[in-house]
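What follows is each chain in one-letter form.
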Amino acid sequence: MQVDLREFRAAYLAEVDEHLGAINAGLLAVEVANRAGRASPRELRELMRLLHTIKGLSAMVGIEPIVGIAHRMETVLRAADEAGGVLGDHALEAMIQGTRAIEAGVRAIAHDEPAPEASAALIAQLDAAEAAPASEQSLPPPIGDAQRPEIEPEIAEKLTASEREEVAQGIAAGRHLLRIDFAPTPAKAERGLTITTLRERILPLGELVRVIPLSRAATESAPGGLVFALLLLTEASAEIIAEAGGVPGSDVREILAARPLPRAVEVNRVEDLPEVVEAQRPGVLRVDVGRIDDTIEKLSGLIVTRSRLARAVGRLREGGADTRELEAIMIDNARQLRDLRAAILRVRMIPIATVLDRLPLVIRGLGRSTGKHVRLVLDGAGAELDKTVAERIFPALVHLLRNAVDHGIESPEERARAGKPEHATVTVTSSSRNNRQIEIRIEDDGRGVDRARVAEKAGRDVPTDNHDLLELLCRPGLSTRDAVNTTSGRGVGMDIVRKIVVEGLGGELALDTTAGRGTIFLIRVPLTIAIVDSFTLRCAGERFVVPVPVVEEIVELDPEKIMRGPRAGGRQARFFERRGETVPLVDLGYALGLGAESDGFTGKQALVVRRGHEDPVAFAIDRVLGQQETVVRPLVDPLVVVAGVSGSTDLGDGRATLVLDLLGLSAKLGRMRKDAA
Amino acid sequence: MSESAMVPAPAAQPNDAPVLHVLFKVDDAIYALPSDVVLQMESFTGATFVPGAPRFVAGIIQLRGRVVPVIDLRTRFGLPPRAPTLETRVVVGEQHDRTVALVADSAREVVRMTRAQLKPPPRLLDEGATGFVKAVAQLGDRTVMVLDFAKIIGEELMDV
Chain H
48 MQVDLREFRA AYLAEVDEHL GAINAGLLAV EVANRAGRAS PRELRELMRL
98 LHTIKGLSAM VGIEPIVGIA HRMETVLRAA DEAGGVLGDH ALEAMIQGTR
148 AIEAGVRAIA HDEPAPEASA ALIAQLDAAE AAPASEQSLP PPIGDAQRPE
198 IEPEIAEKLT ASEREEVAQG IAAGRHLLRI DFAPTPAKAE RGLTITTLRE
248 RILPLGELVR VIPLSRAATE SAPGGLVFAL LLLTEASAEI IAEAGGVPGS
298 DVREILAARP LPRAVEVNRV EDLPEVVEAQ RPGVLRVDVG RIDDTIEKLS
348 GLIVTRSRLA RAVGRLREGG ADTRELEAIM IDNARQLRDL RAAILRVRMI
398 PIATVLDRLP LVIRGLGRST GKHVRLVLDG AGAELDKTVA ERIFPALVHL
448 LRNAVDHGIE SPEERARAGK PEHATVTVTS SSRNNRQIEI RIEDDGRGVD
498 RARVAEKAGR DVPTDNHDLL ELLCRPGLST RDAVNTTSGR GVGMDIVRKI
548 VVEGLGGELA LDTTAGRGTI FLIRVPLTIA IVDSFTLRCA GERFVVPVPV
598 VEEIVELDPE KIMRGPRAGG RQARFFERRG ETVPLVDLGY ALGLGAESDG
648 FTGKQALVVR RGHEDPVAFA IDRVLGQQET VVRPLVDPLV VVAGVSGSTD
698 LGDGRATLVL DLLGLSAKLG RMRKDAA
Chain Z
3 MSESAMVPAP AAQPNDAPVL HVLFKVDDAI YALPSDVVLQ MESFTGATFV
53 PGAPRFVAGI IQLRGRVVPV IDLRTRFGLP PRAPTLETRV VVGEQHDRTV
103 ALVADSAREV VRMTRAQLKP PPRLLDEGAT GFVKAVAQLG DRTVMVLDFA
153 KIIGEELMDV
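So the protein sequences, as listed, match chains H and Z.
Add 47 to a position in the first sequence, counting from 1, and you land on the number used in the numbering used here.
Add 2 to a position in the second sequence, counting from 1, and you land on the number used in the numbering used here.
Read the hints as simulated data drawn from the structure, not as lab findings.
Among these hints, one or two may not hold up.
Output of the computed footprint for chain Z on chain H, the stretches with three or more beta carbons under 8 Å from beta carbons of chain Z [as the list claims (entries may be wrong)]:
| id | segment |
| --- | --- |
| 1 | 174-181 |
| 2 | 638-650 |
So the derived list for chain Z, only partly shown, Cβ under 10 Å to chain H, looks like this [as the list claims (entries may be wrong)]:
| id | residue |
| --- | --- |
| 3 | A55 |
| 4 | I73 |
| 5 | T101 |
| 6 | V112 |
Bear in mind that the values here come from a model prediction, so they are computed numbers and not experimental data.
C-beta atoms are modelled at their ideal positions from N, C-alpha and C, and glycine is treated no differently.
Bound-form chain Z, shown alone (with noise of 0.2 Å):
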């Protein structure tokens, strides 16, 4: 290694440089994730139903060749379960090894949000939704929550 890259850089970066984070909407609600944890949205036409499998998975799917379990959004939220349309998208989101696909209602923006703009989660929002989001932004008259991608897909469940 260089000497140059051992020496800290001389102004600490204050590190609020803005993240590109993909919006989708399930129910009426809008959600995000940030962009270095999605790796593709595609659109959503059924999954191979897994008997045996959490009720939220709605099956697998395959995409490019490999193999991915399908989290559905509403059922993961504890909303009534709603048939796909030409809206419906599949986020696939790739974690710690791990590639699962959510699907939500609708996806079609990505918004740049600064660690400035996110605040920790009204306390009553934080329980009810078991920890899901990690983080609220008002974006002008919008409320975005931002999800945590490990909490979804069962981090958890690794080691069982």
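Okay, chain H solo, but in the shape it has when bound (with noise of 0.2 Å):
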């Protein structure tokens, strides 16, 4: 059997991704942890994790530049483990400039091209960094060991030098250190009792430090000579998670207990998974979206079979069968088809957290190259999205951000002067409305736009509402002017972020700001997109699109090679010779009913379709006038759902464009020759 590496390639890409968006979370908390002054041991070990697989996934597949940058990050890890869980600000630099290096290896990759190896200057900062992970952090002496609150030596010797100050920072924080202990036995695991279970069962309600195993005697109680010590810091009191764990509470036991803190602390609970028990997220499958999509396929061939028994139900009706029972059958067949369709396109649904987790680090790097002081919220991060509808919108959102950072936030001097918070707020929030489309909302609170220099730049007179200015804005001139020029004004990529918006996903894009007070953009795509590889072509004075797969090739007609048959069922039978084949060749506009048929070949092309092993069909049309991707939205109103017609599509005239479905059309063409015989 021959395996397909892209198969590989494409699990590889999407598990990286997802370990990708982690580490950039997990590098966040590091630096959150770092301002305040706190170590972050948890984070690291986390990122350490996360990179080991990164590195072990693509020396799988052979990718050696991001096997290398993997190891040495993880290296600057290790020495920032040890040196007590603080990652400086210079390290915690080096680690996002090795994450980026990463992500545009995956990038290449997924664009079959060789991802490149490090850069020299990123092998020397993260070389820095691996020497001195803690420097330039000024952060408060760990808490010292006169300080450090005792454990057992038992357990003690195995934990490491992080581990411990993160006892001891839970311990500071108000928290106590409990240890249960738990013997695998297999009477327990009958009852559904195992280490993994019971670190379920308590991981909420603490911080699980670390899993250990012990070896003892065997026992009754330990028949396997093993009993694992699990160490929690937690709020909750020994008999709570004795009760939440399914344990005696003889085997829960304080062995810390808490120091209150003078001063409130923020509590962050990470998932924890020690190196003990290697669980899985349960229920989670990472499927390739090909295989997803060609489920859709195969659904779409059964709704032709449908439509197909549905005219045959009505035949025998006609006929004057009784066909009540049938007809029950069938109507229950059409809800279950759609229930289908609805389950598997919520399989490709993914929350859109996935993408708005990854602002806050673009803030973070415009906030430093801009030294403009920016917060930024996220809010309502629950909605779910299409997988492609949530990687197209990135960059736009991207896009948006830059600009309220770049133009719209003041300098801390002038926010000061105008009496604002010397801290800009930009707020993010998504919401999904009426089950079709997303709702994205950029605000922030700077200067707003100025119309008056826009409408100087663009040439043009001053707009006087929103909508002439958003207008303005996408002019694609408009951008490359601002990008030479940064002083002020807004527009850097606005057509860009409306291409990727309006055609790209087929949404909208609005705009609201007041001088002075802020700039609100407002996005709305649809949750669901289809794009296609697609011919655009020109057929009976109108436009068509047809997907790229279908058409087999496209002919040059030479009128005087076109045989003509006899005229059957109305219409003139017509075919060409074609590799010692016979091709029958239909008007397109004629078998979409748009007008008499043609007669004058000359200067026309024809697409070649086929059907599974059936012959070919030559759809005869004016021209093909390019290829693009289009996003295809199915015509899904009964009014509309006709044979030949796929759905529909905007080529950026903002007109609806029909894409044609022409095996569909073919089939249709074959019945009504069969009908008419």
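Quick one: dock chain against chain with the hints and give me the complex.
Laid out in structure tokens, this is it:
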């Protein structure tokens, strides 16, 4: 059996992508901890685990540059872990650059290009970080050994420096450390109590520092000669933990009491994955999107069969047969098909949070490069959208954030003069509307768009309303001029934003701005889209779109080589010879019912299509105009569900252009011929 | 649920609060749709023809990122076609998860009508228009026909 390496690659990309998302979030958490003067031992260990996984995966598929970068980053983290769980600002920056380099490599692979080697600058940066992982970090000294609480030696000797630091921090933050002893036995497993289920039960109640396996003499209560000691930092009492874990109270005891802290400390609970039990996230399956699309394709086939069935039932009824039972079944069947389609589409949905979670890092970078103080508020990350939509919307959001920080938000001095808080706020809110669209709102409290200046740059009158202002901002010329002259005004890449939102995703873009108060951009995009590589063509004076994979060949028609057969069923039979095969020729405009059958084929082309192993059919058209990616919106209303048309697209003129289903059309012609016979 | 919400309102609402209706003209007749069915009104610049769709379907249009079928009310009501003018409007309605636009010769008025004002359609009118008219109302010297949106868009098509 042949193994398709590309299939592995898709799975690789999906998995690495997910880990990169977690790494970005983790680095951000480290930065937050640094600013608060806290060490971040847990975050560092989680980052180490993620990078280790990326390294392993990349080695498996032989992507050496990524293996190298991930390895160096892991080394930096190990050094930081040994230094008490502190990753200084310089080392953090090196880690962020390293992550960018891995991302660049992954993007290259996704485009069928080799991953670039790590730059010398990055290597030097990572080496420096490894040598001094905690430098430039004005952390308060880690909790001194004198204050450090004592842990029983059997446990203490198994803990790493950063784990001890973590425990000390937890105790200082007002939690106590519990030790839960668990000896796995077959009897317990039968009751559903294993080390994995125990972990899952107690995890929501605290912070699991470590699961330590301890060997014991085999006894009746520990037949495997093995006892796990789970160390849990928690605010809950030992009784509650025993109850939640389903273990006897005698197996849970406090080994360190809480020490109340003078100031409030933010309590972050991070999911823990100790190395003892490699727990899988329950019920999550990673699937190549292509396979889901394939399923949808199969479903379309089913829907076509159903409509044939419906017609057959109709003919029976017309013939006087009692079809009531059949019709009742058909109604059930239609509902089931609708439900199935909805269920499959749901599989493609991911939480908007996976997109929004990458934004804080963008803001962080922008804040650094502009010297402005910006706070990002994310709201409403619960909505779900199609993975393709999520991927495509991200660059538009980055553009809008960049505009907000570069142009909308004032310098700290200017804000002070205007009586605004020093820290500007950018709020990104998302919500789903009527199950069809997702709305993302990007709001800043900056100076607002300078209408007069935008008008001046565009050489137009000052727009009176926001709609006209947005039109001006989205003029392609405006962006380049603005990019050169970055003093003020908004407009960098707005034409690109509109292209992504309106043409790329079939959505809407709106603007609301008030001078001195700030700007709101509103994006609405459909929750799901289908993107298809398509030919655009002209036929009977109209433009149409046909998916590329359907077309076997585009043929230049030579009128002299087109043969005519007898007229049948009101239609002139025509065909031509192609590589020893007879290909029937049908005028597409006529087949669509757009007009009389054309007789002149001079200068025209034909699209050859073939259903499975059937004979090919050629559809005569005026010309193929071009090839482009199109967003296909299915026609779902029963009024416009017709054979031969699969959907509609916007070619950029704001009008609906039909996407033709030539296979469906040729099947319909075949049936017409049979009916006529 | 709170207890008070379970108890029916003491004095049953007479339920003749005025309901907002959108008025529009097709030929010389005035029609109405309750405003809770109407999503929006737009000027009409033509639709993309969909071959094979019912004759009364003018085609599809794009409305704020959505693709919506358009019913030509003139054809639906058996009237001769007329080219769109500056007055021509699409009245976009939504019901039972379907969004369909209706082309009217003009539309520019919104009125409030109480339930008491709505009378069953005269028998002959009812038969002549295959149930499209749900009620009639007299507004001064004008007769307004309230349309059954579900019938217009062919609710029976739903399971086909």
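Structure-based check of all given hints:
Here's how the segment 174-181 of chain H fares: 0 of its residues keep a CB closer than 8 Å to some CB of chain Z, so the rule of at least three is not met and the hint is violated. For the segment 638-650 of chain H, the assignment as covered by chain Z holds, since 3 residues bring a beta-carbon within under 8 Å of that chain's beta-carbons and 3 suffice. Contact between A55 (chain Z) and chain H, as hinted, is supported at the beta carbon level, the nearest pair being about 5 Å apart and thus within 10 Å. Among the interface hints, the one on I73 (chain Z) holds; its C-beta lies about 7 Å from the nearest C-beta in chain H, closer than the 10 Å criterion.
At its closest, the beta carbon of T101 (chain Z) sits 8 Å from a beta carbon of chain H; the interface hint therefore holds under the 10 Å criterion. For V112 (chain Z), the interface hint is violated, since its Cβ never comes within 10 Å of a Cβ in chain H; the closest pair sits about 23 Å apart.
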